[in-house]
Amino acid sequence: MKPLNLIALLLFLGGAVWSLTRSDRSVREIQNTYYSAISPFLKSGSNIETHARAFLEETKHSKELDTELEITRQQRDRLRLIESRFRALEYENVQLRHALDFKKQTNFDVVAARVIRRNPTTWWQTVEIDAGSKRGIGTQLAVLSNEGLVGKIDRVDNSGDRSSVLLLTDEKCLVAARVEGSPEVGILGGQRGGSDGEPMLRLKYLSPNATVHKGQRVFTTGRGGIFPANILLGTIVSVEKDAFISEALVRPSVSFADLGAIFVVLSQDS
Amino acid sequence: MIRYSIITILLLLAAFIVQQFLPAFTGMHDSRILLVQLVFLCCAVTVEQPAMLLLAFIGGFFWDAQCALGPHGGDPAVYTQQVESMRFGYSILLFGGMGYLMQGIQPLFKQGKWQFSAMLSGIAVFLYLAGEYTMITIIRGDLTLTRATVLQMTYTSLLTMLFSPFIFWMLFGIARICNYSINPEAGRRRRQY
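Heads up: the protein sequence lines correspond to chains A and B, in order.
Residue numbering for the first sequence follows the numbering used here, beginning at 1 and increasing consecutively.
Residue numbering for the second sequence follows the numbering used here, beginning at 271 and increasing consecutively.
These are calculated hints, taken from the structure and not from any lab test.
Among the hints, erroneous ones may be present.
Unchecked claim - Covered stretches of chain A, as calculated for chain B (at least 3 residues, CB under 8 Å):
1. 62–71
2. 230–239
What the hints assert, rightly or not - Calculated cross-link-like contacts (lysine-lysine; reagent style DSSO-like; alpha-carbon spacing at most 30 Å):
3. A:43 x A:2
4. B:380 x A:2
5. A:2 x B:383
We put the beta carbon where it would ideally sit given N, CA and C, even for glycine.
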């Protein structure tokens, strides 16, 4: 081996060992510096993406309109267009009311946010949201949607207006859970690797003779200091038992494929 | 040579930003184009070993800075068996390993046979994902390898490999601008004819 290559290899290994021995705190600092450095690109990229999407939607709408005009060539089409616009507004209105009702119904102090994008990782399940420390968000706060528990805040950007959410479908996101109508409690978490279709959760550490069955709902217990109690997690799909333990496969209540508006729980009244 | 190496580093950093906007293909088991890994692999075959190791360090370091998860938190009395995190910096070693794999067929690349390198980039991505998954399994225990996971790794490798000719085309252009020959033997042969 050439001396220069050997020196380069030794420096590389030294750098790798240095990185591997960083503490959690140093890693967080490195991550914050990294995200601060790329945040201007992310912001402008998001703006371009939003404009491009709006442009494409506009193009799509005008194409649809052209087709309709060709077919009828009458005022009826204009009315149809107005009607479709009304429907969109009505739908948006229903959604907003739903979100508002959810905010009113909860006993928590929540902050509403939107999912900007899914983080580009293969094995970890995380998404970026458009709210951060400027709105009181910190790490280890529960994140909900109107369907149930979404996950928890994993990282807050230095910029103060973005955070990263570790989704419930990630193996590392563990939640103390109870089964509705039974004394059974366990720990719910995501499953490793890819999934065929929708992701499933696994409820572990149930007692060996657990009397749980398909169709029962699973809620948070409120123990563990992160997640509030009685938040819907999902529904049991199947139960696996052996001599020592029982586990249940749970379908999440939240549709993770199309996450839109979410709520970060700042504090709980209870 | 130095100018070319600096540009490859800048290209790798640019790949990190573009990667943020590349979506996952939900219909293909959430597979995605791993642009950062692809740019690194294509650059690795065109540079000397010290430059490749520098690229591997930068690639692995920033990849972990982008993806590393925080500690679990919560009451340890309730969450008694927490899921272990991967140590920050493990990707540096994976990038290094992939880089050496690519350099293994550098003689073929220097003869102008970049197609082999393009194919190997797909294989290297698959091995990278398999290595990462194996490390997760070793650290967290509980060996589970589902069909969906294998398909996710396969589709990701294939999708990533499809873009390698484009990256090589860019690298040939950059090399031309920098007056650096990344496949000198092929050039020599062309001149002889």
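Status of each hint after checking the structure:
1. Counting residues of the stretch 62–71 of chain A whose C-beta sits closer than 8 Å to any C-beta of chain B gives 0, which falls short of three, so the coverage hint is violated.
2. Remark: the stretch 230–239 of chain A is not confirmed as covered by chain B, as 0 of its residues place a Cβ nearer than 8 Å to a Cβ of that chain, below the required three.
3. Proposed proximity of residue 43 of chain A and residue 2 of chain A is contradicted: the alpha carbons are some 45 Å apart, above 30 Å.
4. With a CA separation close to 19 Å, the supplied pair residue 380 of chain B and residue 2 of chain A stays within the 30 Å bound.
5. Between residue 2 of chain A and residue 383 of chain B the CA atoms are separated by roughly 25 Å; this keeps the pair inside 30 Å, and the hint holds.
Hint compliance for this structure: hints 1, 2 and 3 are not met, and every other hint is.
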